[in-house]
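**Q** Spelled out from the first residue to the last, the chains are:
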Amino acid sequence: MAQAFSPQADAEIEAILQRYPNRLAALIPTLWVAQREFGWLAEETMELVATRLDLPPAKVISTATFYTMFHKKPVGRYHVQVCKNISCYLRGSDEVTAAVKQKLGVAPGQTTADGNFTLEEVECLAACGRAPVVQVNADYHEWQTAESVVALLDRLAAGDTSGGV
Amino acid sequence: MAVQTYDYLLRDKHGKDYRDLAVYRAAGGYKAVLKAHQMGGEAIINEVKAASIRGRGGAGFPAGVKWGFVPKDTNKPKYLVVNADEGEPGTFKDNYFLSHDPHRLIEGCIITSMALDIHTAYIYVRGEFKRQIETVDKAIADAHKAGILGKNVLGTGYQLEVYTHSGAGAYICGEETALLESLEGKPGQPRLKPPFPAVVGAFGCPTLVNNVETIASVPVVIEHGGEWFHKLGVERDGGSRLIGISGHVKKPGLYEIGVGANMREVIYELAGGILEDRPLKAVIPGGSSCAVMTPEQIDAPMTLDGIRDAGSSFGTGGIIVMAEGTCMVKALQRLSHFYAHESCGQCTPCREGTGWMARIIDDIEAGRARQEDLDTLLEVADQIGGNTICALGDAASIPVQSFLQKFRAEFQAHIDHGGCPIEGPMPRGTRP
Ligand SMILES: Cc1cc2nc3c(=O)[nH]c(=O)nc-3n(C[C@H](O)[C@H](O)[C@H](O)COP(=O)(O)O)c2cc1C
Ligand code: SF4
Ligand code: FES
Chain A
1 MAQAFSPQAD AEIEAILQRY PNRLAALIPT LWVAQREFGW LAEETMELVA TRLDLPPAKV
61 ISTATFYTMF HKKPVGRYHV QVCKNISCYL RGSDEVTAAV KQKLGVAPGQ TTADGNFTLE
121 EVECLAACGR APVVQVNADY HEWQTAESVV ALLDRLAAGD TSGGV
Chain B
1 MAVQTYDYLL RDKHGKDYRD LAVYRAAGGY KAVLKAHQMG GEAIINEVKA ASIRGRGGAG
61 FPAGVKWGFV PKDTNKPKYL VVNADEGEPG TFKDNYFLSH DPHRLIEGCI ITSMALDIHT
121 AYIYVRGEFK RQIETVDKAI ADAHKAGILG KNVLGTGYQL EVYTHSGAGA YICGEETALL
181 ESLEGKPGQP RLKPPFPAVV GAFGCPTLVN NVETIASVPV VIEHGGEWFH KLGVERDGGS
241 RLIGISGHVK KPGLYEIGVG ANMREVIYEL AGGILEDRPL KAVIPGGSSC AVMTPEQIDA
301 PMTLDGIRDA GSSFGTGGII VMAEGTCMVK ALQRLSHFYA HESCGQCTPC REGTGWMARI
361 IDDIEAGRAR QEDLDTLLEV ADQIGGNTIC ALGDAASIPV QSFLQKFRAE FQAHIDHGGC
421 PIEGPMPRGT RP
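If you read the protein sequences in the order shown, they are chains A and B. Take the first sequence: its position 92, counted from the start at 1, is 92 in my numbering, and no numbers get skipped. Take the second sequence: its position 179, counted from the start at 1, is 179 in my numbering, and no numbers get skipped.
Keep in mind the hints are simulated off the structure, nothing from the lab. Treat the hints loosely; a few may be bogus.
Said to hold, decoys possible - Below 20 angstroms or equal to it, Euclidean Cα-Cα: the simulated SDA-like pairs (lysine to any residue) are: (1) K138(B) - I13(A); (2) K186(B) - A2(A); (3) K330(B) - A98(A); (4) K330(B) - E121(A); (5) K130(B) - G105(A); (6) K72(A) - L156(A); (7) K330(B) - E95(A).
Extracted from the complex, chain A is given alone in its bound form (with noise of 0.2 angstroms):
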């Protein structure tokens, strides 16, 4: 069946038109809200997002494309982002991302088998006075050791996302 959106993202997609004088400058805003309720931007979703702003969808395309956090695959339940930029290198992020890999079998920009971890390097997240920082999803996690970091895979593996994702 084809993609559409759903009734509460149509509506929110409304109200984003709102905010700009021109509906190309609603794309990204509407490209987030279409990654949420897809999980990823399929080349079929981006002619959805196309469709629905009236743009071309070259257009859609050309801006999907250049930014990072816009996925063009699929990514796993917990998207584990370790920063490697140099305040965290200086506080030990290798050490955080070892521990991350060998615990999950994956090496950066995979997924692992179950669908559940999809583990990636990034760069400095703005958070470098309690570094290395971790980002899972929305979360930022701080101070993280090789140690705490497993700690937290386990905890999130058992479906325990009390302290956050």
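Model the placement of chain B with the ligands on the given structure of chain A, informed by the hints.
**A** What follows is chain B with the ligands alone, placed relative to chain A:
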């Protein structure tokens, strides 16, 4: 001499939740809006000029002067765009306002808009800050409900809407014209300047772009007066500002200091000195794009001019501290890969040069490099700077040039040694 700290902007030790509108108002919040409204646009601008705030986003342009560039008589709408893209490695100050004091930013938006007759403000927030966007959105909604935003701001008859706009993962969108492209729904590729955004900005209209901290300082300026704020800092570089210290110090974090505090004292007193009391090896004073400094250089006043005279730049005030035991090639490797990853690809020297530099540095670290690679590295860096549309090209070159200038022997040792000669681990830090 102990370093003087303040809590005008950084209110984290107050034990209060300023995200709560009632708490924010009880502490005097939104009173400056009424004061500003009575003063009128011209007087607000003069007060900001008197405060001598240099933009807190990195370039240090005087805020009052920039406000003066926004045309008064125009039949086009004007926009305020707050730069909350905070992506410069080592920088984490705007995060504080977005996470913990969002009404400060909104109050700053209202006063700034009143000064320049602006009725729509966008806060462009980096996409990773999802929780921060939720926090600011809630603050905007609360302010709306309380009649602080909308058609009749606090009963003054002034109309203002403030919206957040989420980025989607691109450091280059912190550059103000790339940010405007991104706001307009396009790939974040910087525009040629001039025209400057104050004249042709968002949607082809006059647009003021300021950093979060710049705008969040405005209510303090209006409440206490521009001259008063100016005196927290120095001549032509006024006020207090947030600096963030990260890396190998005992107490990393944010501090609010008067502009002009001594950097050595900031590192050794406020931040508690170096982990394990090791000798200091290097400091990057203002976010990753600033030239690296050696310990002899850091006895400098933290002003734009002071850090420039000491051989680097103030940048965003994000100080990155490296202790003895750090491999400077590895440290530079992190930065060079970052810039290579973030180049928007529009200019050939930047697109090709940043990747080339990163590969040479990889070779040096891995012990594969030949002697001539060191010269090539410097030549590539020298050819990028100044030959590009935006300052990312310079930002990528300066670390390479300064690391090679200050730590050439260490790069040479990698080549002679056929690998990394740095023995022993970096110092260990735990949560203070
Ligand atoms: C590559 C690059 C990245 C930048 N990133 C940011 C940023 O994340 N936040 C910011 O406020 N300014 C950033 N700037 C500076 C902006 O272009 C602009 O000068 C600033 O937002 C103006 O605000 P201010 O005058 O209040 O400092 C960046 C500049 C460049 C060249
Ligand atoms: S200097 Fe680099 S980032 Fe800036 S416009 Fe040119 S290619 Fe893009
Ligand atoms: S370097 Fe990791 S959060 Fe800034």
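**Q** Return the numbers of the hints above that this structure violates; sort them in rising order.
**A** Numbers 2, 5, 6 - these are the hints that the structure violates, sorted from lowest upward.
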